Amino acid sequence: MERLCLDCHAVLNGRADKKFCDDQCRTNYNNRIRTEDNSYLNEVNRILKKNRDILRNKNPEGKIKLKRETLLRKGFDFTYHTHTYATQKGQVYYFCYEQGYLPLENDEVLLVKREEK
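If you're matching positions, the sequence shown starts at 1 in UniProt numbering and goes up one per residue.
Fair warning: there could be bad hints in the mix.
DEER-style ranges, computed between Cβ atoms [said to hold, decoys possible]:
| hint | residue 1 | residue 2 | range |
| --- | --- | --- | --- |
| 1 | Asp22 | Asn42 | 48 to 56 Å |
| 2 | Leu72 | Ala10 | 47 to 55 Å |
| 3 | Asn30 | Val92 | 40 to 48 Å |
With a straight-line cut-off of 20 Å between C-alpha atoms, the simulated SDA-like cross-links for lysine to any residue are [unchecked claim]:
| hint | residue 1 | residue 2 |
| --- | --- | --- |
| 4 | Lys113 | His81 |
| 5 | Lys65 | Leu102 |
| 6 | Lys50 | Lys74 |
| 7 | Lys113 | Glu98 |
| 8 | Lys50 | Asn38 |
| 9 | Lys65 | Tyr85 |
| 10 | Lys113 | Asp53 |
| 11 | Lys67 | Asn57 |
The hints are simulated quantities; they were obtained by calculation from the structure and are not laboratory data. Here the structure is a predicted model, which is why all the values come from computation and not from measurement. Backbone N, C-alpha and C fix where the C-beta goes; we use that ideal spot for every residue, glycine too.
Work out the full structure, taking the sequences as your base and the hints as a guide.
Laid out in structure tokens, this is it:
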């Protein structure tokens, strides 16, 4: 059975464990695999950064209450966040890095900024 290069599919000569015909094919193959693996991660990071920027721009003072619709109009995606924080009272804050929000009644949200320690 002929062994073929994993990138260009040329016939391989030489060692039995050889996978690529040259360094260029090895580099092309690994770059393509890495790009495919990271596309989902890059998309999620893009959404998280956008969410963070929206929260930061709407909350310059560190704490403000506004309508949920205001964030949605700016393109905020409520399905993505980096972490949550549950208070002893049972309230759950959702964070995009250091910027966070607490869902309130009447379709309002309280925007907060996590203080640096």
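Which numbered hints does this structure break? Per hint list: single violation, 1.
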